[in-house]
Every structure is written in structure tokens, then in C-alpha cells.
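Novice: Which chain is which? The protein sequence lines are A and B, in order.
In terms of our numbering, the first sequence is residues 452 to 717.
In terms of our numbering, the second sequence is residues 488 to 606.
A hint or two may mislead.
20 Å max Cα-Cα, derived SDA-like pairs, lysine to any residue [stated by the list, open to error]:
(1) A/522 x B/583
(2) A/710 x A/511
(3) A/522 x B/582
(4) A/522 x B/577
(5) A/522 x B/581
(6) A/522 x B/546
(7) A/522 x B/552
(8) B/598 x B/489
(9) A/522 x B/545
(10) B/600 x B/520
(11) A/522 x A/458
(12) A/522 x B/579
(13) A/710 x A/530
(14) A/522 x B/578
(15) B/600 x B/515
(16) A/522 x B/580
Partial chain A-side listing against chain B, Cβ under 8 Å, derived [said to hold, decoys possible]:
(17) 509
(18) 511
(19) 512
(20) 516
(21) 585
(22) 587
(23) 589
Hint data in this document are derived by calculation from the structure and do not stem from the laboratory.
Just so it is clear, CB atoms sit at the ideal spot from N, CA and C, and this is done for glycine as well.
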Amino acid sequence: MSDAINVDALSDGGRAALERLILSLADSKRLMGIRYSDWILGSPSVETGIATSSMTQDEWGHARLLYAMLKQLDIDPVPIEHDRTAEAYANLSALDEPFEDWAALVASMVIVDGALSVALDAFSEGAFAPARQRVPKMLAEERFHVSLGVAWFRRLAAASEEARALLRAATDRQLPAALVWLAADDESSRELVELGVMPPPESLTTAFRASVRDVLAEGDADVNAYFDAAGPASDWDSTRGRAPGQPDADSVDRARGAKNRALFVE
Amino acid sequence: MSGGRDVWTGPLQSIPADPLAATWAAIDEVLDPEIPISLVELGLIYGVELDDGVVTVQLTFTATACPCMEFIHEDIEDRLALEPWVDRVEIVEVWDPPWTNERITAEGRAKLKEFGVGV
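Next comes chain B alone, as it looks inside the complex:
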């Protein structure tokens, strides 16, 4: 399913002690539509802010013409909307610094390796 919806664990039952960390954790459940690692592991999330129920996500893409841009937007919004402390999600597309595969996390690289993808 798009964005790994079949493995999403939300919603949580109560507001966590650290809502920002929990927000990051929720976004970390959103998988890239084409490869089975999360957007966080892929290095596409440049920042997350939480202010009075409004989550602002700074998102980049692997390519300027990524065909999954709209899917990724929807997946982030839908995942965060499950959480009771999130009233609204604003996604800001950013391109600075440009994404390269060096932004993939160690966990992401390990998962890609399991799938036979070397980076």
C-alpha cells in the first residue's frame, strides 16, 4: 500500500511526553512509494516543527521530477492526521541542500542492502 500504510502503527492513544519526537517517529513510518525504506531513512525530511497542533514538514525529493511527489505529500499528511496532537500538516518543499544518496541513513542503507540495492 502507498507509503507503507499496512505497517503504520498509529494512532497513539494519548499525547506523548515528547510530541515532536513522536511526530518524527510517525513520519518515519511513511515509506517511499518506490523503495521499501522510510522517508526519514531516505533523507528526504529536512526538518519537522510542531507548533500548537500544526506540524510543518520540510520535505525534499530525490529528483526534481519525482513522479511520486503527490503520493508522498498525501502519505505524510494521512499518517500524521492519525495522531491526536496533530490538527494540521503543512509541507514545505525544499531543495537546499540538494538531495544526494549520501543523505540516506545507515539504517536505510542496511535495509537497501538487504533488498540487493547498493548505494
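Isolated chain A (complex conformation):
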């Protein structure tokens, strides 16, 4: 493991790149929690609903720790969490809209949460000390998400034609989005590689492929085609570090706690 970087000595570009990475991870975790929460009462069984509730809790815990890392860059996380509007969100684009069915949620456990974990794992091994200290606990909690996601993916893949079709549709939507996010290769991502904060994007997509290859192969989507085509997107938004688009307004209101803003207690 390389020496930790001195955040105070970072160039403006380095600081901006690190801020963008933290925000993209944190926003993704917050939105992931909201997407999970939508299914606490809509899951196929009470037990699965409870598991979904636990995952919701975890994702919001991870978001909290990630937003707090902004303090290392002298950025107050409170307005970041509670004042930004949807167009400022830097989440992985597959989380922009609520999941339409349970199969989509199952796919997201493997694909979207899986991609986030690959990025977090790399972040925890990089040169940003707070990530080394805080991310391993997140990854320990994520192991349960992976177990549940893989079990459900396999169950649906072995179920009815309808279930397989829904799983395929979700995979076809989510996998390209996850790969575009991991494969980002712009000035900021190169800066992070230079600093030793993150590995090159090829490393991330390779690690992601290795982690999900076997389970995704049980579905009908042509996942190898997606992985073989993985690479930077021409319409990449390098300011936010995500594909074009933004999360739906209702979810952002929930993420910000807009309805209860008058009751906000820090």
C-alpha cells in the first residue's frame, strides 16, 4: 500500500477530483438506500422485506460516513446533504429512477451495489487515509448484500419465463450504466490514479467482471458483450463524474429530508 497523501498539499485539480469521487460514492449510496427502502413493504416475503430494511439502513450509514469524508477537504457536508438539487447529484445513473419490479432490485444488489463495492474496495486500498480507515467496515456490511443479491438472482434466473425476462431487462439497463461509471477515464479520474487514490479504470472493470461474472451468467443477458465493450462514454459528465441525467425529484426530496426540514437537528 502506498503512502497516504497529504490532503493539504493537493493541487486544486487533485482536491476537485477527490471531492467528485467522494460525492459520487456518497450520492450513490444515499440513492441506493432509497431504492432499497421502496421495497421494504413490497418484497416477496416478510423476511426479505426485513433484509431490505437492513440494507437500506446500511446504505444510509455508508452515505453518512462518505459525506463526512468531505470534512477532510474542508467542505461542510451538511449543505451537501441537505441543500443540493437533483441536477447536482453525482450518483451512478442506474439509480436515477425507482426500480419498477423486484427483479430490478435484485439485479441492483448484484450489479449496482456490486460496482459500488468494487470502487469502494479500491478506494480503501488507495492513498486517501480516511478511506482506508472507514471503508472496510462498509465492505464488511456489503458482504451480506452480495449474499442476498446473488441468492435472489439465482432464484429468479431459475424461475419462470416472466422472472427471467424481468431480470434480463434489468441487467440490460443496469450493467451498461455500472460499467460506464467504473470505466470513467477523464482528467479527474487520471488525477486520482496519479495520486494513488484509485487504480486505473481497467482494473475496476476487470475486478467487477470477476466478481459478478458467474452469477450474471445464469441470466439471459449477453453480459460478455457489455463487458467487452466497456470503456469511457462520449457523453460523460466530467463535472459530476457520472453519465448525463439526474435522479427523480421525489427521491432527492427524500434524500435531503425536505419534508421535515423545519425539524432538522444536526
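Use these hints to put chain B onto chain A, whose structure you have.
Specialist: Frame of chain A, contents of chain B only:
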């Protein structure tokens, strides 16, 4: 009551010979809000320092989204504030190494067993 306030024994009447050990003992009276063992027994206290009346507590949680974080902060602060040698309490949240149930002490395990919880 939150944090086991009904069983707290403080404040002590005078400054003890070993204030740091007494500080640990005071924190050991603070119970987890959800299970009846102390934060120390649960393995959540990673370190305690005492410097000229300022106590710095290194605290972790069992989960990143523990719903009792604020309660635990307040319970530690309120318990230590009872002691005459404590002027101020600073709590530092730490996550390294990540908490696992292996950090529960032998005493904590024995108490949990009494309550029918196996770890």
C-alpha cells in the same frame, strides 16, 4: 433508562489516585441502549485519554448506521460529566479496525449468554 442511567454510581466524592482507570470504570457503567451490557464489554471503546481534565474517547459502533449513535454519545458525555476530574469530553468516532462480535469481552459474552444471546 438510556445508557443504564439508573445503575450509574457516580459521581465519586474525590479525585481518584488513578483518574484514567476511574474514567474507564465510569464509561464501563454506560450500557448499550439495545442490549444490557456496557459499551466497554461490547468492545466499542477503542481508547480513552485524559489530559488536564479533557477526556478523549475513541468510540466505534457495531454498524455504520447504528440508530443509537446520538444516544451513545450523550450517555458517555453525561456519565463522565458527573465526575469532578472531567471538565470536557471529546468523542472521536473511529472505524479502524472494523467492529466485529469478536471484540465483545468475556464478561460481555457471559452476560449476553445469561440473556439468551449467543455470540
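Novice: Output the indices of the hints that this structure fails to meet, ascending.
Specialist: As far as the earlier hints go, not one is violated by this structure.
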